[in-house]
Amino acid sequence: MTTKKFMFVNRKAPYGTIYALESLEVVLIGAAFEQDVSMAFIDDGVYQLKKGHQTKGIEMKAFEKTYGALEDYDVTKLYVDEESLKVRGLTADDLCVPVETMSRAAIGKLMAEQDVLLSF
Amino acid sequence: MGTIDINGKSVETDEEGYLVNLNDWDEAIGGELAKSENVAMTDQHWEVVNFLREYYNEFQIAPAVRVLTKAIGKKLGPEKGNSQYLYELFPYGPAKQACKIAGLPKPTGCI
Amino acid sequence: MLNIVNKSPLDRTALQACIDAATGGAILLIEDGVYAATRGNSFEAKLKAAQGTFKLFALGPDIEARGFGDRVMDGVTVVDYAGFVDLVAEHKNCQSWL
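Heads up: the sequence lines are chains A, B and C, in that order. Sequential numbering of the first sequence, starting at 3, is according to the numbering used here. Sequential numbering of the second sequence, starting at 164, is according to the numbering used here. Sequential numbering of the third sequence, starting at 4, is according to the numbering used here.
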């Protein structure tokens, strides 16, 4: 099987809609087939990685923990738009996993290199 | 949909025999789930099942088989972290069968 | 009037539209709407400015779920589900800014 470069582009906050969880599940499935997978977090997508989700009150699964398993799936390329963090009062220290922060333009360049882009 | 009845407890399973509610699980239920899979449980089987439960607890997912193999190798040693060992214990797929016995949902990436 | 907003102010214009159009009463932020009430976000100043016109509330379980339990801006009252029901009961009418 040829390996393709897949990038998952996440621009939605978690819990309010199903996009974030669906993206994560597809990432894990894609990674199980040993593709070259990366994830980009832009706009409200950066909220997905905010540390300390306590979801008992809304009776949903706190899938924040699952981002920690990405490393086991060899998904280590997590790109976060630094401007999106900034306008939300966040820094990389507020996130639940180690990421690479970069400018929007730098993320755009990485997007151009992909074979497949999946938007959530 | 079905149920497992044991020790006066009745728990729900889905159409494929997976537990509907993760918190219903205990060892007795695990034993019944193993019987439904025709797996005779040994300490080695329980070791994998317990590993899966811990993994789920930490990451909220049942790992795909490749990930399970690697993670078990890391924790329990290379003689156990290989697919031959795991398939001997769970011939119809370690992720699928062991997850079911562990009371977890079907692994992500197992389609 | 109780205005209920469930969209992030940095993704949708629902909260802005509510602030611009509604004549007063209360705003209750729920679901992704609660991000408006988190300290340091770029909509914070606009929400602060709206405090003169509206009483501000945010739903606690939704804030906790998103990991912002310790970062709610001043001037926003955090309520639980029972408080949500009380707010609905206290107001003559209710508008959901979907």
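Derived from the structure by calculation, the hints contain no laboratory data. Computed from a prediction, not measured in an experiment: that's the story for all the values here. Any given hint could be a false lead.
[To be verified] Straight-line alpha carbon distances no greater than 27 Å define the calculated DSSO-like cross-link-like pairs of lysine-lysine that follow:
#, chain 1, residue 1, chain 2, residue 2
1, B, 243, A, 63
2, A, 88, A, 6
3, B, 172, A, 67
4, B, 233, B, 243
5, A, 79, B, 233
6, B, 233, A, 63
7, B, 243, A, 6
8, B, 238, A, 79
[What the hints assert, rightly or not] Selected chain B positions facing chain A (in silico; Cβ < 8 Å):
#, residue
9, 167
10, 168
11, 181
12, 223
13, 227
14, 229
15, 234
16, 238
Note that the Cβ used here is the ideal one computed from N, Cα and C, for glycine as well.
Going down the list of hints, with the structure as the test:
| no. | hint | in the structure |
| --- | --- | --- |
| 1 | B:243 - A:63 | violated, 31 Å |
| 2 | A:88 - A:6 | violated, 32 Å |
| 3 | B:172 - A:67 | violated, 31 Å |
| 4 | B:233 - B:243 | holds, 10 Å |
| 5 | A:79 - B:233 | holds, 19 Å |
| 6 | B:233 - A:63 | holds, 25 Å |
| 7 | B:243 - A:6 | violated, 31 Å |
| 8 | B:238 - A:79 | holds, 24 Å |
| 9 | 167 | violated, 23 Å |
| 10 | 168 | violated, 27 Å |
| 11 | 181 | violated, 16 Å |
| 12 | 223 | holds, 5 Å |
| 13 | 227 | holds, 4 Å |
| 14 | 229 | holds, 6 Å |
| 15 | 234 | holds, 6 Å |
| 16 | 238 | violated, 11 Å |
Consistency note: the structure conflicts with the earlier hints numbered 1, 2, 3, 7, 9, 10, 11 and 16.
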